[in-house]
Structures are given as C-alpha cells and as structure tokens.
Amino acid sequence: MARDPAALPRFVLTALIVVLLIPGFKLTEFEPGVLFDTRNRETIGRFLGTFFPLALSADFLQLVIKSTIETLAIATAGMALALAIAAPLSLLVTRSLSISRIGPGPGLWSGRVLRTPVRLALMLCRSVPEIVWALLFVRAVGLGPTAGVLAIGITYGGMLGKVYAEIFESGDTRPTVALLESGSGHLPAFLYGMLPVALPEIVSYSVYRWECAIRASVIMGFVGAGGLGMQMELSMRMLSGGEVSTMLLVFLLLVMLADGISAALRRVIE
Amino acid sequence: MSVNLDRVSLVHPNGHRALAGVSLKVDAGECVAVIGPSGAGKTSLLRVIATALRPSGGVVQTLGVDPWALDRRALRRLRARIGMVHQAPPIPLRQRVVTAVLGGRLGSWPLWKSLASLAYPADIDGARAMLGRMEIADKLFERCDRLSGGQLQRVGVARVLYQQPDLLLTDEPVSAVDPALSDRVIGELSREAQARGVTLIASLHAVDLALHWFPRIVGVRAGEIAFDLPPDQVSDDMLRELYASESAVVPTQMGEKNSALALRRKPLCS
Amino acid sequence: MNARHWIALVLMCAAVIGSFTYLAIDVRALFSVEAAAQMWNYFARFFPPDFSADYLAQAWRGTLETIAISGVGTVLAAACGMLIALPACGRFGPVARIVSRFVLNFLRSIPELVWAALMVFAVGLGPFAGTLALALHTTGVIGRLFAETLENAPPEPALALQLAGAHPAAAFFYGTLPNVIAQFVAYTLYRWEINIRMAAILGVVGAGGLGQMLYMSLSLFQQAQAMTIILAMLLLVVIVDAASAALRARME
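Line by line, the protein sequences give chains A, B and C.
Letter by letter, the first sequence follows residues 12 to 281 in this note's numbering.
Letter by letter, the second sequence follows residues 135 to 404 in this note's numbering.
Letter by letter, the third sequence follows residues 545 to 796 in this note's numbering.
With the rest of the complex left out, here is chain A (with noise of 0.2 Å):
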C-alpha cells in the first residue's frame, strides 16, 4: 500500500494553522454568541431597525450637504499642503537632480548628506497612518477640519514627495542632464529640463491621491477632524440608524463623484 508523499506536509501545515487559530480566537475574544446575546439583541435590534427609513428631513440634509462640503474642501486644502510639501523636499531628494551623480567634482558627499535626512522624514510623514496624525493633531490644535487638513498634508507631503522624486527618476532625464553639464543651476535646470516631461504624471497621479484622500478626509472625521465622517460618529453615538444610512449613501455617491472628478481631470492632461 503506497503513501502519499505529500499527505505529511499538507497536515503539518494545516495543524500549524489551526494551532495559531486558536489562541487567535481567543485574544480577539472571538465570541458570535455575543451577537445573539438578549441584552445586546434588543440595543442592535433597535439600532438596526432604525437603519430605515433614511433620515431625509429638509433640515438634516442640510446639514450632510454641509459637512460633505467640509470633507471636499478638507481633502482639497490638505492636498494643496501636501504639494507645498512635497514640492520643495522632492527637488531634493531626487537623484536627477544632483550635479554629483553625472560626474567627479565636489558635492557627492553634501548631496547624500542632504538627501538621506530628507528621504527619512518623508518616509516617516507616510508610516505613521494619517488616521494617527489627526489623533495627534485634534489634541493639539482641537476638534475640527484644521487637524484633518494638517494630518492629511503631512501623510501625503510625505507619499507625494516619495513618488514625485521616483517620476522625476524615471522620466527622460536627458534634457536635465544637458543643462546641469552646462552649468546651469539646479532651480532651472529642473523647470526648463525636468518639469515639462514629468508634469502628466505629477498631475495624474496627485489627481488620483486627491481621491483616496476624500476617502480618508471622511475616515479621519471618526476621530474629530471634521467633516461627513465626524456627523455620522455622532449619529452611531445617538444611535440614528436612518442618519447614518443617509450619510453613508452620501458617502458612496461622494467617491463616485471624486472618481468621475479625477478622470475627467486626468482627461484633460492627456
């Protein structure tokens, strides 16, 4: 009677998940009965039942079109820091530029000395989850859009300087090189050289970041910055099922919205 070779590694692995399962189960306090338990049962059961109708009063409107409005423009400022950010600290992080990289002379040091620090504090500008910053920042400057314009344009500053450098990278650096070997200054040499080819991308891709970051504008009011996502924690803490049903239709029609926005956008560059 002949043995499966594979019959002994395909139960070790599948032991070795069902091992760590279960204390997975256990530090998540995994336990569906809770969802049937009577006490919890008629709170959800009432929270669920309010779900409908949605809540479509002249007055609430209103007020969702408002802070639906507040998350647009929450989105668009925080953008527009993020490039004022990204802008700058990209130019010099970026490889294309640097006059040391296209041959002997001084600078190879002073170049990576400026640009490793940089390249650090972007990168740590984008790990820390922008839902974090805007923790931070409601405690330091207050419930509120500011916090969530703030903590948006670090976290993308940091994505846009990052991807901007990459594009500058790796578009036609020929034109750049040129004017850097003919002594031109780096400030000109990027406009005249690097600018003109790498513009669609930039445009394109900050386009599309200005998306995700509506999406993250509303995600960022559950923690007080403002915005769609603030008005709709405070329906779940009132416990108005039909307003926050209204204000997450109005949420999938926002990202509807912004996607058609940012193609048209995107069109428009071609």
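Treat the hints with care, since some could be wrong.
To be verified - Now the in silico label distances, taken between C-beta atoms and shown as ranges:
hint: 1; chain 1: B; residue 1: R318; chain 2: C; residue 2: E700; range: 55 to 61 Å
hint: 2; chain 1: B; residue 1: R228; chain 2: C; residue 2: L574; range: 54 to 60 Å
hint: 3; chain 1: A; residue 1: R248; chain 2: C; residue 2: F650; range: 19 to 25 Å
hint: 4; chain 1: B; residue 1: E269; chain 2: A; residue 2: L31; range: 53 to 59 Å
What the hints assert, rightly or not - Here are the computed lysine to any residue pairs in the SDA-like style, where the Cα-Cα straight-line distance is at most 20 Å:
hint: 5; chain 1: A; residue 1: K37; chain 2: C; residue 2: A568
hint: 6; chain 1: A; residue 1: K77; chain 2: C; residue 2: V560
hint: 7; chain 1: A; residue 1: K77; chain 2: C; residue 2: D785
hint: 8; chain 1: A; residue 1: K173; chain 2: C; residue 2: D785
hint: 9; chain 1: B; residue 1: K247; chain 2: A; residue 2: P128
hint: 10; chain 1: A; residue 1: K77; chain 2: C; residue 2: A559
hint: 11; chain 1: A; residue 1: K173; chain 2: A; residue 2: L245
hint: 12; chain 1: A; residue 1: K77; chain 2: C; residue 2: L608
hint: 13; chain 1: A; residue 1: K37; chain 2: C; residue 2: R605
Hints in this document: simulated from the structure, not taken from any laboratory.
Fair warning: this is a prediction, and the values are worked out from it, not measured in the lab.
Just so it is clear, CB atoms sit at the ideal spot from N, CA and C, and this is done for glycine as well.
Put chains B and C on the given structure of chain A with help from the hints.
Chains B and C in isolation, oriented as in the chain A frame:
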C-alpha cells in the same frame, strides 16, 4: 444494441453543419475505429454519442437509451457508464496525476468520498495500476504541468481506464504520443475493451493504427459516413478519396504515403 | 498648455483657495510663532517614549492582539468570500449573481474604519469588533476577486468530469478549483498583509489592538506611552514588509 444513431444531424450555434443525417449502429462489445480528415465531424460524432451535444435532428441512443429523455439523475448515472478520452486532456495542470486519475470514478463514488479523496487519495494502488498500463506509473505523484504532452494524454487515458465504463469513446487519444508507444496504448485500449466485453469507439488520425487494431472502420467526411467496412475491404482509393480535402497523403504515424496494402496488418480485435 | 489646461488649472486653484476660505482656517495664525510654539510643546511631551519593561510588555500584547485581529479576520473573510463568490460567479443563476455581487460591493464600499465603528456598537469595545469589521470588509474584497477568477477559469475540466457522471460539486472541486486555488491563497496572504496595518488603526474607534491602546493613552494625556505605541506600529509595519518581501523572493 450499444449505440444507435438514426439520421442524426448536428448544426452548431454558429451555423456550421457538423453532422448531416448520420446513421450508425454499434453492438455491445464491438470495437470501431472512426477515421477521416480534420473537420470531418469525428469529434462531433463522438460527442453526440457521449451525450455532450444534443443532436439538432434525428435520434441518438447510447447504451440502449435516449439520453435526452432522461431526468438529471438518470442522465448522470448513464454518463458514469460512458468514458471519453478527449484529444486535449481536460485536466487542471496544477493537479497531481494521482488525483486526476482518481477523478475517473467521481461518477460512482458518493460525494463525501470524492471530497475526502482530495485530502488523501482514496485508491493509490488502483491509480498506479492504470498508470502502469500506460507506462507512466513513476509519475504517480507528479504535478500535471510537469508532464509532456504525450504523457498528459496517457494520464487522460488512464483516467478513463480507471473509470471502467461500459462504453469507451476516444477522440484522437495518442496524437501527441510517439508512434511505438501509441501502438501500445491503442493495443491496451482494445485489450481492455475485449477483456471486459465493453464497446470501444475510437477516432484516430493515424490510419495505420486504425487498420491494425480494429475490425470495423468507419470513414467520416464532411459530416457524413463515407464507408463502414472491415479493414480488408478498405481500399487505397477509398482512403485517398476520404482524405482528398487534405493533401493527397493519407496520414499515418510515419507521415508517409503508404499503400493500403502495406498499412493493413492482421487485426487483433475480433 | 492649451485652453483646457488653463481652465483646469484655474479651477484647481479656485478650489484650493475656496477650500481654505470655507474652512475658515486662519493660515497665518496656523503658522504663526505662537501656534508653532504650542504645537512644539505638545509634541515635545511625546519624548522620551515609555520604554519601561511593564509598558513594553503591554505594547507587545497589543501587537499580538493586532496580529490576531488581522489573522482571524482574514481567515473568516477568505471562507465567507469563497462561499459568496460561488453564486457571484454565476453558478446558481443570474438572480443569485446579482444579489451576491450587490452584497459583496456593499461590504467592500464601506471603509474598514466605518465598519469598526458600527461593530463597536453591535458587540461593544474590544478586538471582537475589529475582527468582525475586517472580516466584513475583506469578505467583499476577496469575494469579488474570487468571483472574477472563477468566472475566468477554464470550464473544460469540470465539464469533462460531469460528462463522466460526476456530481457538479465534485466536478467543481476536481476540475475548477485546482486551477484557481493558488491565486486565492496568494491574494489572501496579500490581504492579510494589508489587514495587519488596518488592524493596528481600527482600534482608535475602540476595536482593540494597538489602535485602542493609542487612543486610550492619548485620552489620558500619557504621551510617552502613546509614543511607544506609535513606535510599535511602525516597527510592526517594517517587519511585515520585510517578511513578505523575503517570502516573495523565496517563492520565485
């Protein structure tokens, strides 16, 4: 009567007429070879017998019953008694050979056994025996994507052998197998049919294989039966006419033009 | 730069200026010396982080809880996603397809954090809410991918098996599944990686793990501990990135 086609015609959805008024009777235990040029309708003929395709006109009876008059369960039971070797083995490439072969008996195993066999193969020895008859027993636990085209075809044959059907249909089962080995495989199939007294209908591209192993040759051309004769009555001219649409060359394993006389050897299947 | 480009540029600038105006953010006050000093004071209290053995142990437990939330949530999502993917790929008819696709879209359109807030209300604070939230959202994501993969899988193997009398379920397991399972597993692992990051932050609405610890320490003005948690989050992401890169390299 095992198989009975009564003026069967088949028109594909794209309008192509694959079979035109074909009538064919095959008794239980008979061995029949089907030959003809590409596009003649050999595959369609086999698929109609296998209950894969429903005739557009006429009546087909497989294993004595009209499959299209049966309910779902009865049709499934009927199909479990029909084994079809496809030209391109329909085996998922990431599957192991042992699982592919054991798949032949899914029609007779209860569902739980089929599923349990995925965890640990239910009949390793049985699978190995079939693969041994196809001279690839050493590939038992290999993955199918590690096999050559000819080896994979032989796995397909092994699967049907394992199924132990009452009606064996094969659609160019050795097109990718080298000539000497093809001869042994066809020999194995015909021995199997004889030993168990089951019907074998094989469509073959290499005419010499057909003439050697089968006591009844059916020539198919343009969706119609051109002739239905024992091999010693199949003349050179008939073969030439049959394959007139292809080159003037009658296909054999060697690919050379040979006279019908030379192709004829003593048939072993009687 | 043609006319359309200029119009777009003007619109974008208008949008930016309009946003700042609408939010009534006093940009000068924001970047003034006083505001900078205030923020500096606030952020200075985060250093040095709390590296006491006791708190490090707590942070470690939080990290394990985060990983557990992501693992259990992803496993549940893979199972449920697979189940819903079957009707969603059309095996059970067009009505089932539309309904299940709608369910999957609904699940994945709502962000994980919103699910987490909803689950906190359903089952209370703690990691269970986070696990359910990840499971719900990821079911939508994984289920949709599974459904598309199944739709594109070659039907011949399963059809051939059914032609030999196999039960449709057996034909699926022997004929269709082997072609797609490798992709499923790879995508599930990829989602788990993403979910670890997510699990770390879901806690800020009370769904357990490092996020909940961060929220609590900030609420109690224990900035040093908060910094430890943030460092733990960063370390977790770095290790997961490295591990997955190493695993990917080995699989090549």
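Status of the hints after comparison with the structure:
Our hint of 55 to 61 Å for B/R318 and C/E700 is violated, since their Cβ atoms are close to 27 Å apart. Between B/R228 and C/L574 the beta carbon distance is about 58 Å. The supplied range of 54 to 60 Å therefore holds. For the pair A/R248 and C/F650, the supplied restraint of 19 to 25 Å holds, since their beta-carbon distance comes to about 23 Å. The supplied range of 53 to 59 Å is broken by B/E269 and A/L31, whose beta-carbon atoms lie about 44 Å from each other.
The straight-line distance between the Cα atoms of A/K37 and C/A568 is roughly 48 Å, outside the 20 Å bound, and the hint therefore fails. Distance restraint check for A/K77 and C/V560: the Cα-Cα separation of roughly 17 Å lies within the 20 Å cut-off, and the hinted pair is therefore satisfied. A C-alpha spacing of about 40 Å is found between A/K77 and C/D785, which places the hinted pair above 20 Å, so the restraint is violated. For the suggested pair A/K173 and C/D785, the alpha carbons sit about 17 Å apart, so the restraint of at most 20 Å is met.
For the proposed pair B/K247 and A/P128, the alpha carbon gap of about 63 Å is over 20 Å, so the pair is violated. With a C-alpha separation of about 16 Å, the suggested pairing of A/K77 with C/A559 holds against the 20 Å cut-off. Between the alpha carbons of A/K173 and A/L245 the distance comes to roughly 36 Å, so the proposed pair goes past 20 Å and is violated. About 41 Å separates the Cα atoms of A/K77 and C/L608, which puts this hinted pair outside 20 Å; it is violated.
Between the alpha carbons of A/K37 and C/R605 the distance comes to roughly 13 Å, so the proposed pair stays at or under 20 Å and holds.
When each numbered hint is compared with the structure, violations occur for hints 1, 4, 5, 7, 9, 11 and 12.
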